[in-house]
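Chain D is fixed; fit chains U, R, F, V, Y, H and A with the ligands onto it per the hints.
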Amino acid sequence: MIHLKKNRCKSCGICIEFCPKNVFDAAVDGTPIVAREEDCSYCRLCEKRCPDFVIKVEGEK
Amino acid sequence: MIHLKKNRCKSCGICIEFCPKNVFDAAVDGTPIVAREEDCSYCRLCEKRCPDFVIKVEGEK
Amino acid sequence: MSNDYQVIFSGEGGQGLVLAGTILAEAAAIFEGKYATQTVDYGIASRGGFAMSEVKISDEEIDCPELIEPDYIVALTEDAFNRFEKEAGKSVIIFDSDAFSPALEGDNIKGCPFTTTLRRLAEEYGNKARINVLAIGAVLGLKEIVSLQAMRKVFEKNFGAKNADINMKVLQAGIEMTRS
Amino acid sequence: MSNDYQVIFSGEGGQGLVLAGTILAEAAAIFEGKYATQTVDYGIASRGGFAMSEVKISDEEIDCPELIEPDYIVALTEDAFNRFEKEAGKSVIIFDSDAFSPALEGDNIKGCPFTTTLRRLAEEYGNKARINVLAIGAVLGLKEIVSLQAMRKVFEKNFGAKNADINMKVLQAGIEMTRS
Amino acid sequence: MAFQVEDYLREDKLPHIWCAGCGHGITVRALVEALAGLQIDPTSVVVTTGIGCFGKADDYLNTHCFHGTHGRALAFATGIKVVKPELTVFALMGDGDSVTIGGNHLIHAARRNVDITAIVANNQNYGMTGGQLSATTPEGSRTTTSVYGTAEPEMDLCSLVAAAGASFVARGTVYHVTQLQKIIQDAIQHKGFSFVEVVTMCPTYFGRYNWNQTLIERMNWLKENAVSKARYDKLPPEKKESAFMIGKLVEKDTEDFNTKYQRILQKAQNQG
Amino acid sequence: MAFQVEDYLREDKLPHIWCAGCGHGITVRALVEALAGLQIDPTSVVVTTGIGCFGKADDYLNTHCFHGTHGRALAFATGIKVVKPELTVFALMGDGDSVTIGGNHLIHAARRNVDITAIVANNQNYGMTGGQLSATTPEGSRTTTSVYGTAEPEMDLCSLVAAAGASFVARGTVYHVTQLQKIIQDAIQHKGFSFVEVVTMCPTYFGRYNWNQTLIERMNWLKENAVSKARYDKLPPEKKESAFMIGKLVEKDTEDFNTKYQRILQKAQNQG
Amino acid sequence: MSSELIKFGQGNEACAEGAFKAGARFYAGYPITPSSEIAEIASRRLPQLGGIYLQMEDELGSMAAIIGASASGVKSFTATSGPGFSLMQENLGVAIIGEVPCVVIDVQRSGPSTGLATKPAQADIMQARWGTHGDHAIVVLYPSTVQECFDLTVEAFNIAEMLRSPVILLTDEVVGHMREKFIIRDQVKVIDRKKPTGPVEKYLPYQPDEDGIPPMAAFGDKYRMRITSSTHGPDGFTNSNPVNARQMIERLYKKIMDRADEITYIKEYMVDDADILIVACGYTARVAKAAVKQLRNEGIKAGLFHPLTIWPFPEKQLKKAALDAEKILVPEMNLGQLVYEVERILKEKEVFGLHKSNGQPLFVREIVDKVKEVAK
Amino acid sequence: MSSELIKFGQGNEACAEGAFKAGARFYAGYPITPSSEIAEIASRRLPQLGGIYLQMEDELGSMAAIIGASASGVKSFTATSGPGFSLMQENLGVAIIGEVPCVVIDVQRSGPSTGLATKPAQADIMQARWGTHGDHAIVVLYPSTVQECFDLTVEAFNIAEMLRSPVILLTDEVVGHMREKFIIRDQVKVIDRKKPTGPVEKYLPYQPDEDGIPPMAAFGDKYRMRITSSTHGPDGFTNSNPVNARQMIERLYKKIMDRADEITYIKEYMVDDADILIVACGYTARVAKAAVKQLRNEGIKAGLFHPLTIWPFPEKQLKKAALDAEKILVPEMNLGQLVYEVERILKEKEVFGLHKSNGQPLFVREIVDKVKEVAK
Ligand SMILES: Cc1ncc(C[n+]2csc(CCOP(=O)(O)OP(=O)(O)O)c2C)c(N)n1
Ligand SMILES: Cc1ncc(C[n+]2csc(CCOP(=O)(O)OP(=O)(O)O)c2C)c(N)n1
Ligand code: SF4
Ligand code: SF4
Ligand code: SF4
Ligand code: SF4
Ligand code: SF4
Ligand code: SF4
Ligand SMILES: [Mg+2]
Ligand SMILES: [Mg+2]
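Protein chains in written order, with our numbering: chain D, 1 to 61; chain U, 62 to 122; chain R, 123 to 302; chain F, 303 to 482; chain V, 483 to 754; chain Y, 755 to 1026; chain H, 1027 to 1402; chain A, 1403 to 1778.
In isolation and in its complexed conformation, chain D is listed as follows (with noise of 0.2 Å):
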């Protein structure tokens, strides 16, 4: 599971550029949106690299 704490996000895309899997697509006000959670590898990547504690990643692939 992808958990976002939207109220936090800035916008900032890094989520969304830089999974390797592309599951995120970015809304229109550039916040995340969990896209294709199927294809996540469950890396972490998205919440080490977002600068505003959104994510949360549970689970293991």
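The set of hints was computed from the structure by calculation and includes no laboratory data.
No residue lacks a Cβ here, since even glycine has one placed at the ideal position from N, Cα and C.
Hints are not guaranteed to be accurate.
[What the hints assert, rightly or not] These stretches of chain A come out as covered by chain F in the derived footprint (C-beta under 8 Å, 3 or more residues): (1) 1570-1583; (2) 1687-1699.
[To be verified] To spell it out: a stretch of chain F is covered by chain A in this simulated footprint if at least three of its residues, at any positions, have a beta carbon under 8 Å from a beta carbon of chain A; those stretches are: (3) 324-337; (4) 361-369.
Frame of chain D; chains U, R, F, V, Y, H and A with the ligands shown alone:
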């Protein structure tokens, strides 16, 4: 000529010890005595090593 | 103290509120020969949080920049609005009706579509359309406390002749928001 | 203020004048149960220049360490002597007659052969023979303001039992310089 | 009981005050990941900070915190660590904090080898006060106090600290987050002074005046220009200009100050 | 008119206040020999000093002098040199002055590369205040504030300053006076920040507590242990412990601050 | 043709422009809110004027660098706020004892310590007077309008040059950041330090003329210049003789205190018939002026004594202004600083303080209310 | 069995011993004349007591390190003199706003700046009160004998711990270097800071009890401790709300000022029937006492008011002591500092200063003469 401004001398003994030509003897109070000026090579090391600006060497070999 | 005007631009860091106040005050002081002061209250600069800019314009020398009874208060965020809502009545409050809808309403509380207007302008002029200029316009729409000529001049001085046009257009859009 | 004594040890940095004052005052304060103060005036420490140490000994608590009329002034350098020569009369000045010969002389100006005495002692005891102890002795030779037992104890405490003997001998030599 | 990342965070204080895309959040993330990775009890951790945007980091940490003065975090941390060797002590500093105003404490902390983990978020300028020149601003860059481009060469933090005697020196970036977490873990575990430079991003000021690229492009720039020592050494000269080394640069096994001081205590007490 | 050594000296102030055998006099001698060697007009020379025994050096120099505060000589010197590039500016500092309290100015002066010649008389302790611990006191040594032996490693001044970016770094000793004079001459002629460490002697304090040898033996110790880089590299490990390198350690040709600033002036004035 | 320039800008900007107009060509500093605009302007403008901007590693170094530059003959200044001002205190003493003219601008913010960096206060008033160790006197000017920022900065340099002394220009966050119209005056009086004229060998850097001020050579002049932080004789060499020490320390003190009148600037508003006199400086003086107007409208005879020179405090002038007032009110953005000095000077009066220390400026209403309360 | 120890030693030594007796186990400092003996003794004795001596790179770091150590639960102190005291001013503010108990000893020497390092002065009296930027109150104690050095250092720690505040122990070169007999008292009252007791989650590091003092956890306790130099709320997080800011700043001020009586130590000598009252502290108080004796012998009714607590200045106590005196003399080793405070407090009296600033202490004769002159 080796000039000594003895009032400045603090009897550290450096000039006496490190003259390559052993030109100085030590007086009882530890100050240098020019004992063998004829041996002097005018290297000026005594002048430069004297911490107290006592010595002035004039002349060349 | 005739012809005294007191205006507050409030919202959050990064909205260019200081510039709004500066521009307006400078237009009055330099291009209309009046006296004007502009002061600010801000937290950690440029990192969000409540911020405001106060302008006083007068025909006479200004003893003290403190605003006693602001004529117009522009509130671009809900936080800012809440801080000032009790002034409504003594002051006219202009707020961004796209951003929030206050409980209180009334004659002296004017909602204007700042966000949507800005978006529309942005389509035309890109990021040169700024909310702070829109805010000045909104005030001028209620009362032309500074002439449009002076505004043009201040734009020219600060942003160059080329950008003055755009800014005048944005200003105009602001004016229309409150005039209508 | 009965039984008050005021002593100055003066000379130059490096002669151990602070120690002379400390030892004497401590002997009185700790080993004779009196009150004693010791103060110093010095320039850049341990690099020559005028230095002095002042001692006040009293049976009563001492209000102020300042010496008003010193009883004894030891002056080990000419510079020190010159500073104090005007006190002669009110005070007894003891100076190193090997080091300089003052213009002024008289009953209250006592020359003592500090340098030669020290040289003699040094032959016997090496560098453990110190001019400051000699100076204390010179004062005690004029007046036993502190008992010799107290002096021995203070030496023992500060330099250890073994060195106390030597110091007592040096002290004795000092006493003899002025007694004779 | 296992500590979660959240146990080290003051989530009630989020969202934080940092700008969109500011790297400071990523660095704090790496720190809490490292703490969780090592399962260190948050009540045995003291985080000291200086003043600056990064100096605000302590607001978001659920450890003991000391928010001191600009440039002095390491001096406060030194006082803490020498009297409480059992605690894990951090000094989180900006580049201004750590080496510009705080340079003297930095070099002497490195020399003294007190077992503190220093983490410097190097964003090449003073974010907090509006983007002025720092000692790490690359020569020629523009800042609010160097509009003509700065005439001063930048300080190489890692070289400086290594020369001062630091026993652990490493560099990471906010792109290389996994490595960064690992570096911080190693720094914590290293006994002695550990220094971690994090090359990070201030899009609001340094970026605006200098990058000519978007935040995303900057992340890619970090990805490309930050290379391991091995790779760096093999780079052709023209590439070396913008490239920099990341990874562990120094790791020495030297006794830390507290261990040495134990012997002094013994000596003093035996003599006493 | 040729300048004599005496033209740089305030002979009326001699004898100086330094102790018998103190190396500070030898260092000052090397400095005035260097000035005379280069025939620099004394009225174009400014000597800044800090506070300490070596900080008293300006009392004996017949140049312009600035006797500032402890640790700040380089900051005063920076102000002087940037506005008067035509002057030859020195900062004479003790080890306490230069790198202990003054470390921050030292590293940034090195980085900034202002054309100042810094001369540090390293006597491994604080002479002036009675022989306390300094950042250059060798680990284990005894001082009046480390009677049990210090637990802190000493700072390697030359490595530090080199890492900070100094374009000229050299070390000499008060035994090797001819070389020392030459080093100082080269330092003066080098355009940019030049750093000269002089390994010297405080017989009164550091010597008394640590040497186990006479002043003369110490001079011989300097003679034996100070070696050229080439010789140092060839020394067997056991000899390396007490040995140290002398001579020029760094000499780089990098533009000094004032030269770069000239371009800023031009740029600003063209834009204006 | 006058090249006077009318500008609309901040107090900080006016300070910078005043410095340039006074001839300052060197700035060294370390940024700090709310003073950083001064640094930013200096970094842009000085190179245009052929001057130099240097960002130092810290405030200790900044203070040192401006002293060094000034001793080299270039008028110099720095700007800071509380934390940096504390760090400058040690080297401020060098400028005092070394008699090196320079100007230090402290834009006060809310403390203590880091406090609230963007909020105003007037809590460094006593620090400005007493912050550095040891005996000294110091001149402190405090503007209240943007124009005064310009004018008093020029004046600060003039006094510094005239007295061979550092001068502190104290402002506060409100004054520093407020924007008003101000004139970059063209025809300002600019004073330059006295230079030596006699024979080179006879020059003594600390030998005062009859006015108590020694002529000042610059580094690089043919006169050998010595600046020292130690107690010294006229030759600039350390001298611990008590007679000399007394002379030196007292001269430094007197050269300022004896000229207090010459360097005193005050403004008065309706003091002549005031029953209650308000004593206020900086931004607070402006609030007080508005309060006086309002009080007068309400029939209360209030007046304002507004010192622009706050140290040496204009003792005589205050006494005169307060002659007929019964009560005195001292409003300050602090817990009480200037009020102590006013109490000391106006022994016979009832002196009240109005103290606000919460990051906000005083408001007109607060002063009005307090006057009414006190007037009862 | 009492383990009291009678020693003959310096004021500096007694300060150090007092600190150890009060429980100090950490010293961080940077040597400076005339305070260095304190560092030297600490470096020798602390390791014997299981404590730590750290020589820091400078005074900024020294002040920071003792704050850090104290926040970790270990009583800490430093010692310095003027130049170093100036450098400590910024971080002193951290101890004030962060409410970290610690003791700073300033052994005053002759300034300004480097001045005369080995000569006495009393010229940091105002700096001790006002040296750091921003609003604050501070406790300053000033001993005059070697025994008082011991006793007041203990007291300084006790006050620091009681008030969660730094305390400054001011001495001077004469007091610091003079030798006298003193007792290392065995039975001294030692106060330790209040620790939190409630539930861990509820602990707020700056939530005061009714006495205005928040209980203090140490780093490493189960209570999460936050120390901050910013204006903060009870939770220790930055808070710029004006109501909160006022509360915080005023509480810090009041916790000291409201307890002035509790922490005030004074000595009086022959004040009851004195016509002329001398107000003096530190070494000068001893000179003054001798002067009073001599004056009384000559039939002049002099008396001595000797504050040992100089800040908060014992206002009430002075007023009482001065009730019947006509004239007041304030002798100081400076150009006038305490005299301003005395003037302010004793409005109705004629207050005279006797100021000496030349590297020498005042002499008995000088005070006697001045009293006679003034008495006329
Ligand atoms: C003594 C002092 N000087 C200056 C400041 C102002 N100041 C606060 S933060 C800062 C710079 C911060 O830069 P950095 O440390 O790089 O952190 P960043 O904001 O970039 O994360 C400055 C100059 C201060 N608080 N204290
Ligand atoms: C701010 C400050 N702190 C401390 C001192 C005291 N002090 C004067 S000189 C000195 C140390 C000198 O050591 P160093 O620089 O090595 O010179 P040396 O005397 O050994 O030649 C110290 C600590 C001071 N003058 N100013
Ligand atoms: S965990 Fe990895 S793969 Fe999954 S969304 Fe995040 S970055 Fe993409
Ligand atoms: S990285 Fe974080 S802050 Fe940035 S867009 Fe993604 S969720 Fe939002
Ligand atoms: S000049 Fe050389 S040879 Fe001659 S005396 Fe001096 S050291 Fe000896
Ligand atoms: S080297 Fe100089 S001071 Fe030493 S003994 Fe020789 S002449 Fe005297
Ligand atoms: S100003 Fe820069 S460093 Fe500060 S929060 Fe914004 S991006 Fe980050
Ligand atoms: S104390 Fe040491 S450094 Fe100072 S003059 Fe004496 S020998 Fe030289
Ligand atoms: Mg930064
Ligand atoms: Mg040294």
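Hints versus structure:
1. 1570-1583: holds (count 6)
2. 1687-1699: holds (count 5)
3. 324-337: holds (count 6)
4. 361-369: Answer holds; 5 residues pass the 8 Å Cβ test.
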